[in-house]
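**Q** For what it's worth, our numbering labels the leading residue of the sequence shown as 2, then goes sequentially.
I should point out that these hints are in silico values taken from the structure, not numbers from a laboratory.
Be a bit skeptical, because a hint or two may be false.
[Said to hold, decoys possible] Using 30 Å as the maximum straight-line C-alpha spacing, the simulated BS3-like pairs for lysine-lysine come out as follows:
1) Lys107 - Lys235
2) Lys209 - Lys110
3) Lys188 - Lys235
4) Lys62 - Lys188
5) Lys235 - Lys207
6) Lys110 - Lys56
7) Lys207 - Lys107
8) Lys110 - Lys62
9) Lys235 - Lys209
10) Lys188 - Lys207
11) Lys188 - Lys209
Quantities reported herein were computed from a predicted structural model and do not represent experimental measurements.
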Amino acid sequence: MASVLLVGCGFKTNPRPASATIPGEVGLVSARAYPNRVVLTWDVPSANMDSSPVKDLSGFKVYRSTQQVGEECENCEHTENVYANVDIQHPVSAMISAGQVVYDDKGVKPGQIYHYSVTSYNLRGRESPRSQPVTVVFDEPPSAPTGVHSSCDARGIVLRWEQADRLSDVRSYRIYRGTTSAVDDMKPVGHTRWAETYFVDRDVEKGKTYFYTVRSVKINRGISLESPPSAAVKETMLATDLEPSE
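Please model the complete structure; the sequences and the hints are all you need to start from.
**A** Below, the structure is given as structure tokens:
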């Protein structure tokens with residue numbers, strides 16, 4: 002029986018299966034600590050490891066390990082285990098908006114050191130390499146500012162408070178604003194240094210009422226730890242307080 006040999010110019014490989022595509026690595030993960038939680042923030046990757054566009058991203062895995070303050074050592078390794086899953090369609094303890102993920106870890110307590118890293122994964126379960134780790138030393142938060150009061154002048158709404166003790170490790174203050182007295186709904190609108198105990202909110206509208214709180218901030222290994230909020234103050238910007246237009 003004669004055989005026939007088919008010869009072509011070059012050759013083609015089979016298309017790469019979707020399951021072989023690995024989602025892109027999560028970039029820098031930032032952290033901010035509060036008295037009862039650690040908030041992690043990272044960007045949603047837009048490309049896979051092979052530079053192709055991400056089309057089937059399914060979620061993220063948060064890895065965490067824990068040490069006690071005082072037990073850490075410079076060259077010791079720590080094993081991070083999967084601590085949480087953030088599903089893109091149904092995120093739990095997280096918000097995903099405008100290409101950014103904000104994850105809220107409330108399972109923390111003072112006296113602990115937390116190491117976090119994050120991976121992304123696709124619908125096929127393929128997982129990216131871990132992000133660079135971020136370490137949060139969760140020690141005792143600073144005390145909240147006291148004596149917070151507000152007033153209005155031609156510049157806007159002015160907040161003033163009492164200066165923290167120099168030995169309290171407070172490095173700065175962060176100012177939060179909302180349209181109600183609900184502290185959890187307030188958003189940061191500015192900050193000052195330790196010696197600056199006043200803040201002018203210039204981005205206000207006449208006739209509108211605002212609520213403010215101020216938090217003390219200290220820094221530990223590059224991560225900010227905020228105090229509980231100060232007592233909230235309420236102020237309404239009146240038209241007579243604004244500078245007359247020229």
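**Q** Hint by hint, say whether it matches the structure.
**A** Each hint tested on the structure:
1. Proximity of Lys107 to Lys235 is assessed by CA-CA distance (about 29 Å); at most 30 Å being required, the pair is judged to hold.
2. Distance restraint check for Lys209 and Lys110: the Cα-Cα separation of roughly 38 Å exceeds the 30 Å cut-off, and the hinted pair is therefore not satisfied.
3. Of the supplied pair hints, the one linking Lys188 and Lys235 holds, its CA atoms being roughly 15 Å apart against a limit of 30 Å.
4. Our distance criterion of 30 Å between C-alpha atoms is met by Lys62 and Lys188, whose separation comes to about 27 Å.
5. For the given pair, Lys235 sits about 14 Å from Lys207 by alpha-carbon distance, which is consistent with the 30 Å threshold.
6. Between the alpha carbons of Lys110 and Lys56 the distance comes to roughly 38 Å, so the proposed pair goes past 30 Å and is violated.
7. Note on Lys207 and Lys107: the hinted pairing is violated, with a Cα-Cα distance of about 38 Å set against a maximum of 30 Å.
8. The hinted pair formed by Lys110 and Lys62 meets the criterion: a straight-line CA distance of about 21 Å does not exceed 30 Å.
9. With a C-alpha separation of about 11 Å, the suggested pair Lys235 and Lys209 falls inside the 30 Å cut-off, and the hint holds.
10. This hinted pair checks out: Lys188 and Lys207 have alpha carbons roughly 20 Å apart, not beyond 30 Å.
11. Simply put, Lys188 and Lys209 have alpha-carbon atoms about 16 Å apart, close enough for the 30 Å limit, and the pair holds.
Hint compliance for this structure: hints 2, 6 and 7 are broken, all remaining hints hold.
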